[in-house]
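**Q** Place chains B and C on chain A using the hints.
Protein chains in written order, with full-length UniProt numbering: chain A, 1 to 334; chain B, 1 to 288; chain C, 1 to 276.
Everything labelled a hint here was simulated from the structure, so no lab data went into it.
It is possible that part of the hints are untrue.
Dumping the calculated DSSO-like pairs for lysine-lysine here, alpha-carbon to alpha-carbon at most 30 Å [what the hints assert, rightly or not]:
1. A:104 with B:4
2. C:116 with B:39
3. B:140 with A:8
Below, a sample of chain B positions facing chain A; criterion: calculated Cβ distance under 7 Å [unchecked claim]:
4. 3
5. 4
6. 5
Far from chain B, by Cβ distances over 10 Å, these chain A residues were calculated [as the list claims (entries may be wrong)]:
7. 28
8. 53
9. 63
10. 111
11. 136
12. 305
13. 310
Glycine included, C-beta positions come from ideal geometry on N, C-alpha and C.
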Amino acid sequence: MGRITLDKVTKSFGDVEVIPPLDLTIEDGEFTVFVGPSGCGKSTLLRLIAGLEDISSGQIRIDGNDATHVPPSKRGLAMVFQSYALYPHMSVRKNIAFPLRMAKLDKAEQDRRVDQAAAVLNLADYLDRKPGQLSGGQRQRVAIGRAIVREPSAFLFDEPLSNLDAALRVGMRMEISELHKKLATTMVYVTHDQVEAMTMADKIVVLRAGHIEQVGSPLELYHNPRNLFVAGFIGSPTMNLISGPEAAKRDATTIGIRPEHITVSDKKGEWKGVVGVSEHLGSDTFFHIHDTGLAETITVRAGGEVGFRHGDTVHLTPREDVMHRFDAQGLRIA
Amino acid sequence: MATKASRSAARVMMAPAVILLLGWMLVPLTMTLWFSFRKYLPLRGGDLGWAGFDNYTRFVTSSAFWPSIQATLIIVGAVLLITVCLGVVLAMLLDQPMWGQGVVRILVIAPFFVMPTVSALVWKNIFMDPTNGLFAHLWKFFGADPVSWLSQASLPSIILIVSWQWLPFATLILLTAIQSLDSEQLEAAEMDGAPHLKRFWFIILPHLARAITIVVLIQTIFLLSIFAEIFVTTGGAFGSKTLTYLIFQRVLESQNVGLGSAGGVYAIILANIVAIFLMRIVGKNLDA
Amino acid sequence: MARSVTSQRKAINTAVAWAVGLLIFFPILWTILTSFKTEAQAINDPPLFLFFDWTLENYTVVQERSNYMRFLWNSVFIAGGSTILGVMIAIPAAWSMAFVPSKRTKDILLWMLSTKMLPAVGVLYPIYLIFIQFGLLDSRLGLVIVLMLINLPIIVWMLYTYFREIPGEILEAARMDGATLREEILYVLTPMAIPGIASTLLLNFILAWNEAFWTLNLTAAKAAPLTAFIASYSSPEGLFYAKLSAASTMAIAPILVLGWFSQKQLVRGLTFGAVK
Chain A
1 MGRITLDKVT KSFGDVEVIP PLDLTIEDGE FTVFVGPSGC GKSTLLRLIA
51 GLEDISSGQI RIDGNDATHV PPSKRGLAMV FQSYALYPHM SVRKNIAFPL
101 RMAKLDKAEQ DRRVDQAAAV LNLADYLDRK PGQLSGGQRQ RVAIGRAIVR
151 EPSAFLFDEP LSNLDAALRV GMRMEISELH KKLATTMVYV THDQVEAMTM
201 ADKIVVLRAG HIEQVGSPLE LYHNPRNLFV AGFIGSPTMN LISGPEAAKR
251 DATTIGIRPE HITVSDKKGE WKGVVGVSEH LGSDTFFHIH DTGLAETITV
301 RAGGEVGFRH GDTVHLTPRE DVMHRFDAQG LRIA
Chain B
1 MATKASRSAA RVMMAPAVIL LLGWMLVPLT MTLWFSFRKY LPLRGGDLGW
51 AGFDNYTRFV TSSAFWPSIQ ATLIIVGAVL LITVCLGVVL AMLLDQPMWG
101 QGVVRILVIA PFFVMPTVSA LVWKNIFMDP TNGLFAHLWK FFGADPVSWL
151 SQASLPSIIL IVSWQWLPFA TLILLTAIQS LDSEQLEAAE MDGAPHLKRF
201 WFIILPHLAR AITIVVLIQT IFLLSIFAEI FVTTGGAFGS KTLTYLIFQR
251 VLESQNVGLG SAGGVYAIIL ANIVAIFLMR IVGKNLDA
Chain C
1 MARSVTSQRK AINTAVAWAV GLLIFFPILW TILTSFKTEA QAINDPPLFL
51 FFDWTLENYT VVQERSNYMR FLWNSVFIAG GSTILGVMIA IPAAWSMAFV
101 PSKRTKDILL WMLSTKMLPA VGVLYPIYLI FIQFGLLDSR LGLVIVLMLI
151 NLPIIVWMLY TYFREIPGEI LEAARMDGAT LREEILYVLT PMAIPGIAST
201 LLLNFILAWN EAFWTLNLTA AKAAPLTAFI ASYSSPEGLF YAKLSAASTM
251 AIAPILVLGW FSQKQLVRGL TFGAVK
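With the rest of the complex left out, here is chain A:
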């Protein structure tokens, strides 16, 4: 069980309001990702849920019970920190068993649960080592192990992958997703990386300056961004945003078109430009087109075999049916 409800939650540090009144419900078993640029308040929000910071006003409910004034140790939540925060003086076994020891479980039960977690996380061979002797990925797994043995009502992850190198990050991403499928426990995950958000989340919460910009499933956000900020933030490479006469022609202040929704051809098309940098990924090629008169650069996705060269003049045709239109306030026009 782990349904977390934030009801008009605010947070101020002194006179600075970092979280304006905010409502959010995280359903039981859901994998929710808080995403946003640095300084958007996503980590603060997570720490408020954890109880590591007090909320300034409003209410936090966990499974319907008011948890606003419950200390972090009594909220039944587990947290994985960015730095892993392992206890350096304890062996892996002791690290994982620590929450159980604090809960005064008997020794046999502690061992049973630690062994079980270690098996799930491939840590069985490392139980007697100290955290200092482990690689980054292993430390990460110990941190997760320490969280799962408690059988919490929800897991909180604070940018857990940002200290890993790129290859490991992809692997750990899969492992965490697997774990979520297996445990079916609520997970709240904070990241600044929209790729992590897109690949892992059931529900994404896009934050900016403490405000929720949009809440929805990854595809909802991708296909129906509610405003310019979400449109520009979700998706990689980012959506092409064009303002000016082309937008006015379509009754909008700004129009947005994803790179995969533009066809590129050497013969004919609606827009014209010059090929700049090409990124060949094998399966796809991304062209950065300049001198279109629309925006600084227009990014276009083409098949892996398409081979324009730097300086070639090309023609572009956008797909009108999947074009996004935004008004002067940056809001989506239905």
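**A** Showing chains B and C alone in chain A's frame:
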């Protein structure tokens, strides 16, 4: 990381230390202040009533006052000068590459760990004794007349003993500071053609300025209150009576608590003047 | 400075540094040597350096005559007791300052430091009176309390600078893992700070061991530690050089050994973190 709960826990956990130190500071201080305005002679009638500023004026006008200030200043000043100058030289020497650096360090630091009563006694008897002391032997060897150090040259003798005790402290701190100097800076200066003396004057010394200030301030606070060294060697005789020792004598030997307390207030004021400067430096460092 | 120098230069450095080091260490060395001489050899003219009849008799005489062990035990009790008590009071305080800092933390730290600068002689009589009032004069407990109080600022400071190096996230992790404040300090913070706590204990033990104002003025016979034991050799027994040396060696030997372990921490502790 702060919630209301953790902040109130922090206050509770700080309370014992704060309350104890507050008591330690305020209770005796208030009593000293109170006594300093009383005519208070425990062995000759006890508390004989209000004295106004009598004790304060009598303390400063007594014939022992100015000599004690002079002795204090000479001892503190000379020890500071000796320990800082030799400390810089020693620190630079110890920083050079050599064999057995660790052992030499230990030899140099050792005097700091000798308890003051021991070093005072050892110096007084084994070294400075006019008949059997090692110095006497040395003087005789060169055909000179042995000096009875602690009576004929009491201040230089005490300065020697105290400097010996505090030189390690200065050396150790200055050495730590020198080791934090970026060697590339020195090499750059060498490349620029700066000779040894200039490198010392323009790079090493400015780098050490802060450490020297700290050494001076901390030592001053300890040196103002040296006690055992005088208690054991001269007992305050032969012009070696410092302010601290004078107050000690007024309070415990002549049992004139009122007068001694007035002296104590002077000593507290003096120490606080030094303390303010030290706190400024330490406080600045806290922000960094 | 990691610079390569000619071995000739290095040899000169070595010679000069050893000469200076031995000169500074000489009084201690001489005291130790004298303690193994007979009284006659100790005042021999010319002085004997190494070639004398080594004897241990001074040590036995000193021990028998003045009950060295009792003074030693008093020193251990007073220095150890005051240090441990101080650390127990300082750990929670340092935790608060390092992990829940507020606007006033800096002021409190500096104020604590300022109490350390109160000249002892200025408050001698009040403390003396209080001690008589509470029957603490010439008691070990009294000295434990006083030495704990004069070293408490240093203890808090040292622990504070060590604690500040521990990432707060680890303590938060403990909190999330269900640890109470007491468990967080006992099972996570303290074991992690063991090196820092050990150096704090060591340095303050040394400072308390060598303290020679309060220990001389507040004890008579019962609770007198080694500082007072040595001061009692002032005269006329001070003229028995060999015995004086033996007593001195016994008083400083334990602390010299401990001191050599604490060189590094010494700087940090005595400059309140201002020089590292």
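**Q** With reference to the structure, classify each hint as holding or not holding.
**A** Verification of the supplied hints:
1. For the hint pairing residue 104 of chain A with residue 4 of chain B, the CA-to-CA distance comes to about 27 Å; that is within 30 Å, so the pair holds.
2. As the CA atoms of residue 116 of chain C and residue 39 of chain B are separated by approximately 29 Å, the hinted pair is consistent with the 30 Å bound.
3. This hinted pair does not check out: residue 140 of chain B and residue 8 of chain A have alpha carbons roughly 93 Å apart, beyond 30 Å.
4. Because the beta carbon of residue 3 of chain B sits about 4 Å from the nearest beta carbon in chain A, less than 7 Å, this interface hint is met.
5. Below 7 Å, beta-carbon pairs count as interface contacts, and residue 4 of chain B has one with chain A at about 5 Å; its hint therefore holds.
6. A cut of 7 Å between beta carbons decides the hint on residue 5 of chain B: the least distance to chain A is about 6 Å, and the hint holds.
7. Residue 28 of chain A, annotated as away from the interface, keeps every beta carbon of chain B farther than 10 Å; the closest lies near 26 Å.
8. The beta carbon of residue 53 of chain A is not kept farther than 10 Å from every beta carbon of chain B, the shortest such distance being approximately 6 Å.
9. Here residue 63 of chain A stays apart from chain B, with its beta-carbon at least about 21 Å from theirs, past the 10 Å limit.
10. Even its closest Cβ contact with chain B, about 32 Å, leaves residue 111 of chain A beyond 10 Å, as expected for a residue assigned away from the interface.
11. Every beta carbon of chain B lies more than 10 Å from that of residue 136 of chain A, the smallest distance being close to 24 Å; the non-interface claim holds.
12. The claim that residue 305 of chain A lies off the interface holds: its Cβ sits roughly 54 Å from the closest Cβ of chain B, which is beyond the 10 Å cut-off.
13. Interface exclusion of residue 310 of chain A from chain B stands, the closest Cβ pair being 43 Å apart, more than 10 Å.
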